[in-house]
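Trainee: When the letters of the sequence shown are read in order and numbered with our numbering, they come out as residues 1143 to 1401.
Worth flagging that the hints you see were computed from the coordinates, not collected in a lab.
Hints are supplied without guarantee of correctness; some may be wrong.
As the list claims (entries may be wrong) - Label pairs and their computed distance ranges (CB to CB): (1) A1313 to V1256: 36 to 42 Å; (2) Q1339 to R1269: 35 to 41 Å; (3) Q1339 to D1297: 29 to 35 Å; (4) G1221 to L1287: 36 to 42 Å; (5) V1343 to A1272: 26 to 32 Å.
Note that CB positions come from ideal geometry on N, CA and C, so glycine has one too.
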Amino acid sequence: MEQGAARERATDGPSPSVGGAVRVPEQAVRGEHTHGEREEHAGVPAPGAAPRQVHRHSVRDQVLDALRTALVGGELAPGQVYSAPALGERLGVSATPVREAMQRLAVEGAVEVVPNRGFRVIERTPRELAELAEVRALLEVPVMLRLARTVPSADWAALRPLAEATAAAAARGDRAHYAETDRAFHRAVLSLAGNEQLLTVADDLHRRSQWPLISAPALRHADLVADAAEHRALLDALVARDLTVVESLVREHFTGSVG
């Protein structure tokens, strides 16, 4: 399965994408598929959407970002197995950075290794999602209540643009961008506690709760809009130092959250 994978591009350029959320290298768009892998993995969407310019830090990091976007956006289907060479061809890179990125996603609980085949996308069960929501609430509710008592209103006001960014992504129905802005908002809130370990643990739990997407497409847009509205309401409650509303909103946000 390793044969025929596209060579890794070492030059600076746009970030790759599985499903077109981010621009792919032009050489990947031109083809260079291997016979067999094209048929076996025909379900992986071909790239081709509008570009998004990014700075290239490393091939692996770009591949990781692209795969995360594909997972959150539902382009990599739960239960399906994907090989590193086939995904590498789609992204215009070799199998090595794809395999490294997939190993990272396995640590994050998004995929599992299937020996001699590749990686299977894990589907969260309702129980797992509920457990993640419970742990996030246990971790973040006390922190937010403490912050509500101590953080000046001006600091909360500075987070308004982040809340508006989630609302804009939700209005567009952009699930992948919403996931990014949602994590950015929660990180910004928790960063006011000044605890780096808290940020690391909370962000890991947040990612695990975001993929794979299991909501029906017809419900997803409404869920995103409702989720984003809770960010605005939470900021209002934090500014007002209304601890009862803060606690209620955070718990409800985690319980019904789509991200």
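Trainee: Verify the CB-CB distance for G1221 and L1287 against the hinted window 36 to 42 Å.
Mentor: Given a distance of about 39 Å, which is inside 36 to 42 Å, the answer is holds.
Trainee: If you check the beta carbons of Q1339 and R1269, does the distance land in 35 to 41 Å?
Mentor: This hint is violated: roughly 27 Å between Cβ atoms.
Trainee: Within 29 to 35 Å or not, the Cβ separation of Q1339 and D1297?
Mentor: For Q1339 and D1297 the Cβ distance comes to about 21 Å; the hint is violated.
Trainee: For A1313 and V1256, compare the CB-CB distance with the range 36 to 42 Å and indicate the outcome.
Mentor: Roughly 38 Å apart at Cβ, these two residues keep to the hinted range, so it holds.
Trainee: Measuring from beta carbon to beta carbon, are V1343 and A1272 in 26 to 32 Å?
Mentor: Because 19 Å falls outside the window, the suggested range is violated.
Hint compliance for this structure: hints 2, 3 and 5 are broken, all remaining hints hold.
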